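Novice: If you're matching them up, the sequences are chains V and D in order. By this note's numbering, the letter at position 85 of the first sequence is numbered 85, and the numbering carries on one by one without gaps. By this note's numbering, the letter at position 208 of the second sequence is numbered 208, and the numbering carries on one by one without gaps.
By construction, these hints were calculated from the structure, which means they are not laboratory data. You may find that some hints are simply not true.
Said to hold, decoys possible - One-sided excerpt, in silico: chain D residues whose CB lies under 8 Å from chain V:
id : residue
1  : Y79
2  : L80
3  : T399
To be verified - Each pair of labels, with its calculated beta carbon distance range:
id : chain 1 : residue 1 : chain 2 : residue 2 : range
4  : V       : H121      : D       : A418      : 33 to 39 Å
5  : D       : E181      : V       : T152      : 32 to 38 Å
6  : D       : T368      : V       : G131      : 33 to 39 Å
7  : V       : E178      : D       : E369      : 33 to 39 Å
8  : D       : L360      : V       : E178      : 31 to 37 Å
9  : V       : V157      : D       : Q415      : 55 to 61 Å
10 : V       : G131      : D       : L360      : 43 to 49 Å
As the list claims (entries may be wrong) - Partner residues are not named here, just some residues of chain D that face chain V (Cβ under 7 Å, in silico):
id : residue
11 : G49
12 : V58
13 : H81
14 : T82
15 : T164
16 : F170
17 : R171
18 : E174
19 : G185
20 : M188
21 : W331
22 : A333
23 : Q334
24 : I378
25 : G441
Remember, it's a predicted structure, so these values are computed and weren't measured experimentally. We put the CB at the ideal spot given by N, CA and C, even for glycine.
Take a look at the letters that make up each chain.
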Amino acid sequence: MGLEESLPSGFLLSTVEQAAGWVRKASVFPATFGLACCAFELMAAGAGRYDLARFGMEVFRGSPRQADLMIVAGRVSQKMAPVLRQIYDQMPNPKWVISMGVCASSGGMFNNYAIVQGVDHIVPVDIYLPGCPPRPEMLMDAILKLHEKIRTSKLGVNAEEAAREAEEAARTALPTIEMKGLLR
Amino acid sequence: MTTTPTPTSPRAGRETTEGTVYTVTGGDWDEIVSSAARANDERIVVNMGPQHPSTHGVLRLILEIDGETVTEARCGIGYLHTGIEKQTEYRTWTQGTTLVTRMDYLTSFFNETAYCLAVEKLLGIEDQVPDRATVVRVLLMELNRISSHLVAIATGGMELGASTVMIYGFRDRELILDAYELITGLRMNHAFIRPGGLAQDLPAGAVDQLRELVGTLRKNLPEYDKLASGNPVFKARMQDVAHLDLTGCMALGVTGPILRSTGLPHDLRKAQPYCGYETYDFDVPTTDTCDAYGRFLIRLEEMRQSLRIVDQCLDRLQPGPVMVADKKIAWPAQLALGPDGLGNSPDHIKQIMGTSMESLIHHFKLVTEGFRVPPGQIYVSVESPKGELGVHVVSDGGTRPFRVHFRDPSFTNLQAMAAMAEGGQVADVIVVIASIDPVLGGVDR
Chain V
1 MGLEESLPSG FLLSTVEQAA GWVRKASVFP ATFGLACCAF ELMAAGAGRY
51 DLARFGMEVF RGSPRQADLM IVAGRVSQKM APVLRQIYDQ MPNPKWVISM
101 GVCASSGGMF NNYAIVQGVD HIVPVDIYLP GCPPRPEMLM DAILKLHEKI
151 RTSKLGVNAE EAAREAEEAA RTALPTIEMK GLLR
Chain D
1 MTTTPTPTSP RAGRETTEGT VYTVTGGDWD EIVSSAARAN DERIVVNMGP
51 QHPSTHGVLR LILEIDGETV TEARCGIGYL HTGIEKQTEY RTWTQGTTLV
101 TRMDYLTSFF NETAYCLAVE KLLGIEDQVP DRATVVRVLL MELNRISSHL
151 VAIATGGMEL GASTVMIYGF RDRELILDAY ELITGLRMNH AFIRPGGLAQ
201 DLPAGAVDQL RELVGTLRKN LPEYDKLASG NPVFKARMQD VAHLDLTGCM
251 ALGVTGPILR STGLPHDLRK AQPYCGYETY DFDVPTTDTC DAYGRFLIRL
301 EEMRQSLRIV DQCLDRLQPG PVMVADKKIA WPAQLALGPD GLGNSPDHIK
351 QIMGTSMESL IHHFKLVTEG FRVPPGQIYV SVESPKGELG VHVVSDGGTR
401 PFRVHFRDPS FTNLQAMAAM AEGGQVADVI VVIASIDPVL GGVDR
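Here chain V stands alone, though its shape is the one from the complex (with noise of 0.2 Å):
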């Protein structure tokens, strides 16, 4: 991402990381993608009332390459599908995604043919948001915490140390089969 990146291991990383953290999470330019319900309940975000200005993100980018986040609002379609994964691969390092709603997060009520079972089948999703549609206050909710994994983001070899670690984290987890109980 910049110099950062080639810094040697553990060199002013970790002030580095919190100066860039810091920064980044306050300025996130969302790329507008709105596809369906969803899109209305992210207008609404940005409209009076909840007005996501107070959090440095009213700027949404019409241009996936001046945009840093894209918050997939609502059902994708098999016929949409390419076209996010393009806007993805558009928009520049370092980006986020938010799937907002339970179509893109796990295609929802709509198990057919048309729509794809989850936007994570197609780009990598930072924060599921559930919801028919959310309202503009979980997406706030979601929006916060996207921040806050923004903050405490790693860079260079830390980036590469935390990877693992949540790879390590993830092979032994307990699957959900064998989990005993109330899951909840």
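The hints should help you fit chain D onto chain V, whose structure is shown.
Specialist: Showing chain D alone in chain V's frame:
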């Protein structure tokens, strides 16, 4: 000394007191233009969308443009195809409302009402639907008409670059969504209108809150007139743009505000009343400008007329049931709020689990399988904010529909896009789409 101007050759000057004056008359301009057109230098094909902030959703436009002029325009649709119609064939008749409400998600109550009217006609129970349910349906539909038109004006303004219109539109839409939330529990995708009536009665205090809402909207609606109607920039973008006359509308099957902007007062609420619309007092606004500005004015006026109807609905509301009495159709239990959330009422559970085996069987059959609808087919249409919303329902006598087809006005009106946009400027294509106000969820379904 004066000289009389005489036709001279292009490059010859004439002497005046000011010095030599050259009058450039040039060669044959038409010939130059036609030769340039033959060379096709300026003609390019532009692909706009499906991800574009001004296409009103995931609509793809393929524009062939010659300089700034659109010579050919075509729509690419299907990017939001959800398979809803097919999926209704695998769900019960009642579950159908949950699916159709997500078709045109800005006009949920119209989709639900049209579908339920069709199912009720097939069941032959349209006379048994309680009055209160019908009045609440009309009330919700008219509120929905206002919120849909607000979005049409808001997003249309945003696409023209008028962000203020968008902020104002969403401000008032939020007020209406609050009313929805009070009544149905949801801001969008309600599935509140069910075959036979409504899912639930209005909650306590709803009428007072709705009256307050009507008052607030009456106060807010004139602000759109002040903000936009007389605005010279707004008018310059909208007037005489997206022209489609009555002949064009008839040939393309266009309905709704686009048809009424040609001066024809065609409105299914008057022409072919349903839900008792013949007993409500309201006007059908028209203009004769055939352009985007006329459609904007019609939408503004329709919102005022809808407020009148909402007022009349509130006056008419009488206490009573909101679901048909037939226990074979109505949901067996009334919902109630328990310690673990909303669910079947404790009394009902006590009855089916403790005292009545027949009730338990009845509940089980209705909830898992649903009711049966006699074989037949029916076409029902309602006036949605965008035009004629038709539903064609076919039943083979089973517990699930054989076929549910929606004639969505967005889909039919969208085919007029080429007729309106061709020959105009590229920037006018945005106005064309905004004035049609298609919702891609309805177009692709």
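Novice: Taking the numbered hints from earlier one at a time, note which ones the structure violates and give those numbers from smallest to largest.
Specialist: Result: hints 3, 6, 10, 11, 15, 19, 21, 22, 23, 24 break, sorted rising.
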